[in-house]
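Residue-level listing of the chains:
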Amino acid sequence: MENLVQEAIQNVNLQAIMPSLVLSAFGMVLLMITVFSKRGKTTHVAWLSIAALVVTGFVSLAGWNNPQAGFAGSVILDNFATFFSLICIAAAILTILMSDDYLKREEFPVGEYYPLILFTTAGAMWMASGTDLMTIFLGLEVLSVSLYVLAGYFRDQTRSNEAGLKYFFLGAFSTGFLLYGVALLYGVTGTTKVQGIADYVLAHPDSVTNTMFVAGGLLMLVGFLFKVAAAPFHMWTPDVYQGAPTPITAFMSAGPKAAAFAAFIRVTIIGLDGIQSELTSLFWILAVLTMTVGNFIALSQKDLKRMLAYSSISHAGYALVGMVAWNEVGLSAIMYYMLVYTFMNMGAFAVLVLIGKKGEDNLTLDGVAGLGYKKPILGVALCVFLFSLMGLPPTAGFTGKFYIFAGAIKSGYIWLAVLGMLNSAVSLFYYLRVMVQMYFKDPEEDFAWVSINVPTAISIAISIVGVLYLGIVPGTLMNLAKMAGF
Amino acid sequence: MADYLLSTMIFFPLLGMFVLLVIPRDNDGLLKGFTLAVSLVTFAISLPLAFDNVFTTSGGMHYREFYEWINIGKFFQMNYNLGVDGISLWLVMLTTFIMPITVLSTWNAVEKNTKGFMAMLLLLETGMLGAFVSLDLFLFYIFWELMLIPMYFLIGIWGGKNRIYAAVKFFIYTAVGSLLMLVAIIFVYYYAVQSGAPMNGFGIEEFYKLDLPYNAQFWLFLAFGFSFAIKVPMFPLHTWLPDAHTEAPTAGSVILAAVLLKMGTYGYVRFAMPLFPEALPTFIPFLALLCVIGIIYGSLVAMMQEDVKKLVAYSSVAHLGFVMLGVFAMNLQGLAGGMIQMINHGISTGALFLIVGFIYERRHTRLITEFGGLATKMPIFATIFMIITFSSVGLPGTNGFVGEFLALMGAFESGLRWYAVFATTGVILAAVYMLWMYQRVMFGKVTNPANENLKDLSLREIVIMLPLLLFVFWIGVYPNTFFDKMNPAMEQALEQMGHKVAVVEMQKPAEGGAHGHGAAPATNHGHN
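Going down the list, the sequences are from chains A and B. Numbering-wise, my numbering comes out as the position in the first sequence, counting from 1, plus 41. Numbering-wise, my numbering comes out as the position in the second sequence, counting from 1, plus 678.
No lab work stands behind these hints: they were computed from the structure. Mixed in with the good hints there might be a few duds.
Sample of chain B residues facing chain A (criterion: CB under 8 Å; computed from the structure) [to be verified]:
no. : residue
1   : 749
2   : 839
3   : 857
4   : 861
5   : 864
6   : 865
7   : 971
Think of the CB as a built atom: it goes at the ideal place given N, C-alpha and C, for glycine as much as any other residue.
Next up, chain A with everything else stripped away, as it sits in the complex (with noise of 0.2 Å):
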């Protein structure tokens, strides 16, 4: 019995789930801080917030090159986890800096708001380090619970609240999705270990003809689309990218996105990589229709945070794009571009968070005529992300581009290479619009309104150093990347 207990205690290795221990402790205390401070006032929270995603990072870089697996082989951090991981804390990072001038803007300063992101933080990094379906699953049901309140904080606007409620319905829908799958998959193969499940389908070869396992794995692929907002699974994302608060946004586009992603390719790279060929051809068809849909309908959308959404969920389908490659450049080129579009999109995000109006009724095509000549710093910075969005050199979307598309071909996909470069072109025509707007147009109003401040100029500073950084000099970050992969 001691034994028992010994041998448990040994299998737990606190270090394995050490960073995103440290953020929710973290995450309490700052509920507790909020709860004692006076209300509106979240300046501090917000500061408090970000030091702890900083040393979260750090605990986090302890699983680099020294990869720590813990209660009895469900968790692991390895260079994959941390380097996710590290994703979703730039993520939150840049989210908290663009939000709390926003908060008080939108005149709805309640701290609950940070403690939020840094959950959906941890949660995130729950899933990109959970090698067991139900470690994943909690990951992302600390993620997703997190993420509905904060997509309807506003509670008194309707479209925030419009944005929670659908978010929220079709989120637990397509978990209940994901649950039936495991509990399908677990019928079938007896564990929720993802190496479990790549060891039977090895020992089975014929599991894609058993309905069981078939159904289970596509009813938990579903739940992954469902949360990366790959077409057809991608209705959600435009209301709820409109209606959430813009740092949201911005957020949800990129950190959990990169998690789900993370989560994604553990289970089916490692776990269902006895049935790649079928795999791949199913991903060939989402990557090309999740590409097609996004760019398609962005070309009639005058919405900028509803164009953004839907040029996210082309993103996302340049990203399954990877999956399809299903080799160590696609995959690694999977995390690089995580990066790189948490990179453009935030900044993106964060020029439209200082250029909205209260209600952001504004950010449409027409409101940002002549935004180049009235505000010229936030225009070339919005034009940076947006060439970086289309995949232009010298950008980091050009790099981000290259890499996967690099996996696809070196695995013989060049059809679905032309494909993807010809969706790039097709995007060049709504994101050119904008620069249209920006600059070729004649300003329509004076922007007297934008007040630049500090913390979201940082955030828009360390966006353009991202993003160029990563477009001239890449190879750094694309050897951690490849190091990252399996």
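Position chain B against the provided structure of chain A, taking the given hints into account.
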């Protein structure tokens, strides 16, 4: 210095751009003067290239610079790999030469947001120079795309009435082509990795030695060729050009005509043709046909234009048709004609756009019918315009003659004989549309009272035109200055393109054919 000459030359304008950004935006004169100084210094930096005799003896790459840039182990590797040979030499020189002229031309033309305009010009120069000297396909692609952004803004912000349409069209056309080229670039790379051939990142010299199967070469040439054909532009992908040219500000049109279009032709000579030689016999008859259509169609459309600028724009389509026809002839005369015609087109069409700019600044219209009889009011202008018109038409003694003559002769002596016959009608058509336009604008009596008080060219405007006139006659009278440095590199390129193309070799006539023509550079090197 020589070790870093190319890098210095490429990045000096970029450095200048960053300095420019801290100059106060309302100090118009300083902004323009500074940009002029930067472009002049860049020209000075590039000058040693033009006087270096190493190009006359060796066709390989010189002034090499090589640094490892991105190295992701077995995933991929890119290098900062620069070099210049006889083919890129004069295009580099043309770029650095035309830039100060362009900046000078903006003196009175650009008043809105001068700072942005000058910054875009300098960024554009970095992109163009980088693209001409990159020997790594990945690096080339970066510079190639980098040119898009400033040109887009030049047209879109400082352009004419229809500028947004023109800017977006320019951007989308060019970007679509290059995206497909990117897929082809990555494919070549992984093919080389798989075949175990010696590689140097995306270095083209190693890619030249690849033994790609015909089927792959077919598709790859299609991808590269499509991208470059848009940029040239070849019929029927030319439709963005008249729009872009017409709407762009004078400086933008000059650079677009003088340098940016050469990116496409240079791309064929440097990348598409030598990389995929086995695909050439399949494509060349088709491409040459497009050239001929471009020449005749461009000329006919130019003839019917009422807007001088549009006329010049369509004449570009025709001129570039001659360039490409010469290149596709794949013999020394043709290639030499094509290469020198690239420079000629840069000089004479650049000059024509400047001339259109001069009269537009005075009258704010470019309609031919608005003018007439200007020769009596502006004698200096009339003289310069006349010389440039002759150069554009290809009158003997001017640069245009040398280029067109050699290009056509090359085509005639290769398998493209009948194409050359039809293309030659383009020379006549060029005389028709250019001289007719000149006659309507310059000769006769002044009928429009608005033209009564036109001022002749100012000193600044004359200074702009003089260097261009110098080269019109220099190339026209003694082109060997240029051919001497191009020939070794061209021979090497032809060997690379032709070493598997027996058909074209067989159809190349006896060397004696070339001896009959004194001006032909082939006589100098034909026996080598």
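Checked hints:
1. 749: holds (6 Å)
2. 839: Violated, because the Cβ-Cβ distance from residue 839/B to chain A comes to roughly 12 Å (cut-off 8 Å).
3. 857: This interface hint holds because 4 Å falls under the 8 Å limit.
4. 861: Since chain A brings a Cβ to about 5 Å from residue 861/B, closer than 8 Å, the hint holds.
5. 864: holds (5 Å)
6. 865: holds (5 Å)
7. 971: Since the shortest Cβ distance to chain A is 26 Å, the answer is violated.
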